[in-house]
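Q: Take a look at the letters that make up each chain.
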Amino acid sequence: MPVGSGETWALSLMVATLYSATPLVLAALGGVLSERAGVINIALEGLILAGAFVGAWAGQSAPIMGLAGAVLAGALIGLLHAFLTQTLRMNPVVSGLGITLLASGVTRYLALRWFEQGFRIDGLPGGLFLGLALILPFVTLLVLHRTRFGVRLRAVGENPESARMAGVAPVPLRYLAVTLSGVLAALAGAYLSMSDAHTFSSNMSAGKGYIALAAVIFGKWHPLGASLGALFFGFFYAVQTQLQISGVQVHWLGVEWTSPFLLDCLPYLMTLAALVSVVGRAVPPAALGKEVE
Amino acid sequence: MTGAVTPGSGLARALLSVGIALVVAAVIMHLSGYDALSGLAALWAGATGLRAGPPQADGQIAFGAGPFTGHLDVYNLAQSLARSTPLLFTGLSVALGLRAGLFNIGAQGQMIAGALAAAVIGGAGGGTLPGPVHLLLVLCAGALAGAAWGAVPGILRATRGVHEVISTILFNYLATNLATYLVTHGLKDPDPRKMAPQTAAIAPTAHLHPWVAGSNLTAGLLLALVAAMGVACLVRRTSAGFQIRAVGQGLEAARAAGISVPGVMVRAMALAGALAGVAGAIEVMGVHHRYVQGLAGTYGFDGIAVALLGGLNGMGVTLSALFFGALSNGAEFMELETNVPRALAVIVQAIVILCVGVRLARRSLARQVVAAVQDSDEDLLEEEHAGR
Chain A
8 MPVGSGETWA LSLMVATLYS ATPLVLAALG GVLSERAGVI NIALEGLILA
58 GAFVGAWAGQ SAPIMGLAGA VLAGALIGLL HAFLTQTLRM NPVVSGLGIT
108 LLASGVTRYL ALRWFEQGFR IDGLPGGLFL GLALILPFVT LLVLHRTRFG
158 VRLRAVGENP ESARMAGVAP VPLRYLAVTL SGVLAALAGA YLSMSDAHTF
208 SSNMSAGKGY IALAAVIFGK WHPLGASLGA LFFGFFYAVQ TQLQISGVQV
258 HWLGVEWTSP FLLDCLPYLM TLAALVSVVG RAVPPAALGK EVE
Chain B
90 MTGAVTPGSG LARALLSVGI ALVVAAVIMH LSGYDALSGL AALWAGATGL
140 RAGPPQADGQ IAFGAGPFTG HLDVYNLAQS LARSTPLLFT GLSVALGLRA
190 GLFNIGAQGQ MIAGALAAAV IGGAGGGTLP GPVHLLLVLC AGALAGAAWG
240 AVPGILRATR GVHEVISTIL FNYLATNLAT YLVTHGLKDP DPRKMAPQTA
290 AIAPTAHLHP WVAGSNLTAG LLLALVAAMG VACLVRRTSA GFQIRAVGQG
340 LEAARAAGIS VPGVMVRAMA LAGALAGVAG AIEVMGVHHR YVQGLAGTYG
390 FDGIAVALLG GLNGMGVTLS ALFFGALSNG AEFMELETNV PRALAVIVQA
440 IVILCVGVRL ARRSLARQVV AAVQDSDEDL LEEEHAGR
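Protein sequence lines, in the order shown, are assigned to chains A and B.
Counting from 1 along the first sequence, just add 7 to a position and that's the residue number in my numbering.
Counting from 1 along the second sequence, just add 89 to a position and that's the residue number in my numbering.
Extracted from the complex, chain B is given alone in its bound form (with noise of 0.2 Å):
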């Protein structure tokens, strides 16, 4: 494939891809007849709760002195860090994916997959389960169900050779429609009184609380932060990180070094699909506390932006996913106090994946220079970019 999507980590040039696009964002809005400036200073409100002048309400901190008083309204941040806790899952499960050489565009059905089951299995047990139990239960519903759901697309690819990027998209249909027939017949909310196409409310016994009084962030977050973690363990340092890395290198070359390209593929999807699968059950438990119809919004797609930003490593995907979480909740923001329409957000995300693809393709054009000029193996190669 032209410019094989490659892991790196520049920081400068995620930087400047960000920042192209939302100068591209400030010229749009100028040209769309609303006022650039008073649109991005909304946007940075919203996404980050810092704002000029003293307090307003409640729940906000002042900062400074004199004419350099700030406040912090933390429901707005605590709303944007909750925002970014599905994304970091869902940019995680396209980033693993994509170090197999596996572009998982299937993380919105893995969620929504993932959500269905944990509102069944956190609809069970009436209360019964000692809590922790319960929430690890659900989580593990979430995972499984989303794991199923990535990896039928994974051995549809080792076993037909049907690629993923068209498998993933039809279960990402076929998730969509099949969740909205569960949740207006057999899984449909009881109460007579509720119309709309959802569960039933889950037990409290699975609730994961708010930090923030009446925001949605909760220790999922903190679940997320692990996640990156233990995904970046995974990669670099166990054997089946390098065995996924060894066929994002290339088929052949893995084949080669006796390793089962079909089974690390399937494993690989699986892992991915399990990782958005817990997007949707953090959703559900800590959220919704059930199944809403449009709970996974666009998370899964966009994972596949913070999964690029983030050049495919931990740090960069959390940083990336963070990034993300502040602009769709600071769009929103927008919206409500300059009417500019939240689309923009929409934009914004797909100038940086494509400034950040420009950046891949330099790169792996780099790579294949390195590799002409002397045999270099990826540890090499690592160390000399870490370098600069």
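This is chain A alone, in the form it adopts within the complex (with noise of 0.2 Å):
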């Protein structure tokens, strides 16, 4: 994270905030594609993952082939969801756990087999993954309401009898959606992998697939609302490591409030409050997680 010595608190702050927002942006508007086209998907944690441990091998060669080998495998395991909730009607939240414990595994498995200890790879420029994070609501956001192929993944999110009476098939639709949404959230991780830590580690997700599914309901599936909820997420994340960073000591009522471990709940505790004060109001696409034959 950049934090230049002659830069004034508030602009390192801002700084950190947008790149601690990238990836939480890129998976958040993989679940909103997801869940618009009716598919729950939290699965998200694991494609990070997976986008990050791919990102980090592939890159090795070159950083081009590290962004190309996450977009695969994010593809690849957003048609492995599709396929196991969709055709095989698993439930979604089972599909997404195995399929994150499943990603959990098999990198830090192969991490031991692959990675020398302390490895490090040039990776790409972080200026490139939060051009993404800046661009992508907005293209989002003119996919889901000025193209065919938007109107009727949302149609088959809302109600996909009527989507399959107006001729529109509703579980090819969702394989395409729950695809795409893989490449984003992988995209997420290899921005973690390879601009951010430049190396990998398990579990280097560390929950942020969660926290985009919270904020894509926070920004009531919209693109651009779960796009600014992970912004305001960002913003805590960005808010306790600037403050570990610039050493601040807080004491108050016998408790040390800027100890990492209370300061690491921060992002964490504000999602929930932010869910609290949202989800009544809150409507999510009416066929979210309900089967079509």
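Simulated from the structure, these hints should not be mistaken for laboratory data.
The C-beta atom is built at its ideal place from N, Cα and C for all residues, glycine as well.
Some hints could be false.
A short list of chain B residues far from chain A (calculated; beta carbon distances all over 12 Å) [unchecked claim]:
hint: 1; residue: Gly-99
hint: 2; residue: Val-107
hint: 3; residue: Leu-129
hint: 4; residue: Gly-142
hint: 5; residue: Leu-161
hint: 6; residue: Gly-212
hint: 7; residue: Leu-226
hint: 8; residue: Val-272
hint: 9; residue: Pro-293
hint: 10; residue: Val-315
hint: 11; residue: Glu-426
Counterexamples of contact, computed for chain B against chain A with all Cβ distances above 12 Å [to be verified]:
hint: 12; residue: Trp-133
hint: 13; residue: Gln-145
hint: 14; residue: Ala-151
hint: 15; residue: Phe-157
hint: 16; residue: Pro-219
hint: 17; residue: Ala-264
hint: 18; residue: Asp-278
hint: 19; residue: Asp-280
hint: 20; residue: Val-301
hint: 21; residue: Gly-319
hint: 22; residue: Gln-338
hint: 23; residue: Val-350
hint: 24; residue: Gly-352
hint: 25; residue: Val-381
hint: 26; residue: Phe-390
Some chain A residues judged to face chain B by a derived CB distance under 7 Å, without partners named [unchecked claim]:
hint: 27; residue: Met-97
hint: 28; residue: Val-101
hint: 29; residue: Val-113
hint: 30; residue: Tyr-116
hint: 31; residue: Gly-214
hint: 32; residue: Tyr-217
hint: 33; residue: Tyr-275
hint: 34; residue: Val-283
Both chains come to you apart, so use the hints to assemble them.
A: Written out as structure tokens, the structure is:
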């Protein structure tokens, strides 16, 4: 995270917020695409992890290979989630948890085999992913509301039966939506390993997939809303890291409020607070999680 | 939700899922340059304690004769059973939640809360309390703390509509971080020589003693088995259990039957949390004799796999916990002996979840068909499945 010595604290906090929000925005947009098509996607966490791993692994030869590899891995795992939930009709939470656990196990296993201790990759400039995170919310909005694909996708998420009557096959559309969702989440992972950490470590996704999902609900399943939600949570990640870097200590009522362990609670606590305040008014896509023939 | 998670007891299909997962594990070992056969042999030996050949060390019991000589390593077997103990509790926790239609991904945080409370109460009293009273108090502390940590997501779901999958996951992260803060600050081990993030040791009156010397196997396993029977009785035979199942079957129907859905949700989550909390208490009383960071391992998450493989019923979850406990201990032994990373056990667990998930989905489809043909209630359906 770039923290220039001459920059003001506020400016570096803003920059840190944007970079902290980058993976959350990308994953949240993936969540929007999948859930607007009616498929609960709790596999985001595993997709981020897989994207991070493949990005680091394939990125060792050339950064562009890392990016391509992460996109491919995301698409394939997204396809798997679509196959399990739409064709085999598995409970989407079970499928999502299973995929996340699989990604966690496989990446841990392979990291021990394939990566040297403390290996580093050149990776890609973080600005690339930041640019994507700034542009893609609007692209997603345009796609969802201004293209035939987007209109059909939302129709399938709201009322698959009517969509079918209108000549749209729900299952192939859901496949496509979940596959794209996988690509976006894997890009979030690629950012983590290729631009943020320049290495891969086990479970480096650290719950970002679930936070992204919360941002989707917080943003009422709207691409811009979800991105703002991601920015909101990114802000608290940034506050946490900036406070840790600054070394400021706050003691009050016998509690060390600036302890990294308490600061780590901040993004989760704010996510929870946001959900409690917004959920009653947030209406999910009508056919979210519903089966289609 | 697509393919609601429904109770089932297809032992054959559970075994098939496990079989598929183990075959995949063997293929992965082979492809990544390990000898799959010796890997599996080490996994088996670590999991069950059973191995070919005459005994080589103390604590190994010989059996068979001639070329069929084998031995049982009592320590390995005991350690596998010790691993199964918290898994049975967290598996029951997840299963109970799912019976009420709630996905409790928070057993991890609930176990941490229970363990921390148990360490605090276990350290109190300073040996002045009679043993049995102190043991009971520590168990209750664990159950209550776990229940509280589970009830909050239940309340948020019942009153504010916050989905329990997200909230329990957030509560896990909160529990992990808060516990780490507490054991490095207010609850830190006062012994200045101990730098590790842990609490002070609990009093000997709160200890559970090992059944096999040097192992972690204690009466906790008995408690877990009793809990499994208790949960099974509760779900099947009591009106509270009927209400839980009714809510799990569908909110509309439960409301129509005059059941207070929010109340049942909160109670189910509190009870699920209490079960996970006791898992934490037993780890404190029998294994670490204090709260140490990382005590909960991944037991809470593993409980999801335990519950799903066990088909949400008491006997199934018990067998499933025994399997995953043995798998976990076996994988560690395998890593020591053959260098195959123990993360392989995580892969096996994921594949089991995915295979069993397909089974559950198919069943729920069958259920829909049956429901369409005849106005069947759940008991009728269960009889039908039991008859197969």
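Q: Decide, hint by hint, whether the structure agrees.
A: Quick rundown of the hints versus the structure:
1. Gly-99: holds, 15 Å
2. Val-107: holds, 14 Å
3. Leu-129: holds, 16 Å
4. Gly-142: holds, 29 Å
5. Leu-161: holds, 30 Å
6. Gly-212: Fine: 19 Å to the nearest Cβ keeps B/Gly-212 off the interface.
7. Leu-226: B/Leu-226 is indeed farther than 12 Å from all Cβ atoms of chain A, at 26 Å.
8. Val-272: violated, 9 Å
9. Pro-293: Correct as stated: the minimum Cβ-Cβ distance to chain A is 30 Å, above 12 Å.
10. Val-315: holds, 29 Å
11. Glu-426: holds, 16 Å
12. Trp-133: Given a closest Cβ separation of 19 Å, the condition holds.
13. Gln-145: Answer for B/Gln-145: holds, closest chain A Cβ roughly 29 Å.
14. Ala-151: holds, 35 Å
15. Phe-157: Its Cβ never comes within 12 Å of chain A, the nearest being 35 Å, so this holds.
16. Pro-219: holds, 34 Å
17. Ala-264: Violated, because the least Cβ-Cβ distance between B/Ala-264 and chain A comes to about 10 Å, which does not exceed 12 Å.
18. Asp-278: holds, 16 Å
19. Asp-280: holds, 20 Å
20. Val-301: For B/Val-301, whose nearest Cβ neighbour in chain A is about 30 Å away, the distance exceeds 12 Å, so it holds.
21. Gly-319: holds, 26 Å
22. Gln-338: holds, 15 Å
23. Val-350: The assertion about B/Val-350 holds, with a minimum of 16 Å to chain A.
24. Gly-352: The assertion about B/Gly-352 holds, with a minimum of 19 Å to chain A.
25. Val-381: holds, 15 Å
26. Phe-390: At about 8 Å from chain A, B/Phe-390 fails to clear the 12 Å cut-off, so the statement is violated.
27. Met-97: holds, 4 Å
28. Val-101: holds, 4 Å
29. Val-113: Holds: closest Cβ of chain B sits about 6 Å from A/Val-113, inside 7 Å.
30. Tyr-116: At 4 Å from the nearest chain B Cβ, A/Tyr-116 passes the 7 Å test, so the hint holds.
31. Gly-214: Where the cut-off is 7 Å and the nearest Cβ of chain B is about 6 Å from A/Gly-214, the hint holds.
32. Tyr-217: holds, 5 Å
33. Tyr-275: Given a least distance of 5 Å, the restraint on A/Tyr-275 holds.
34. Val-283: Because about 5 Å separates A/Val-283 from the closest Cβ in chain B, which is inside the 7 Å limit, the hint holds.
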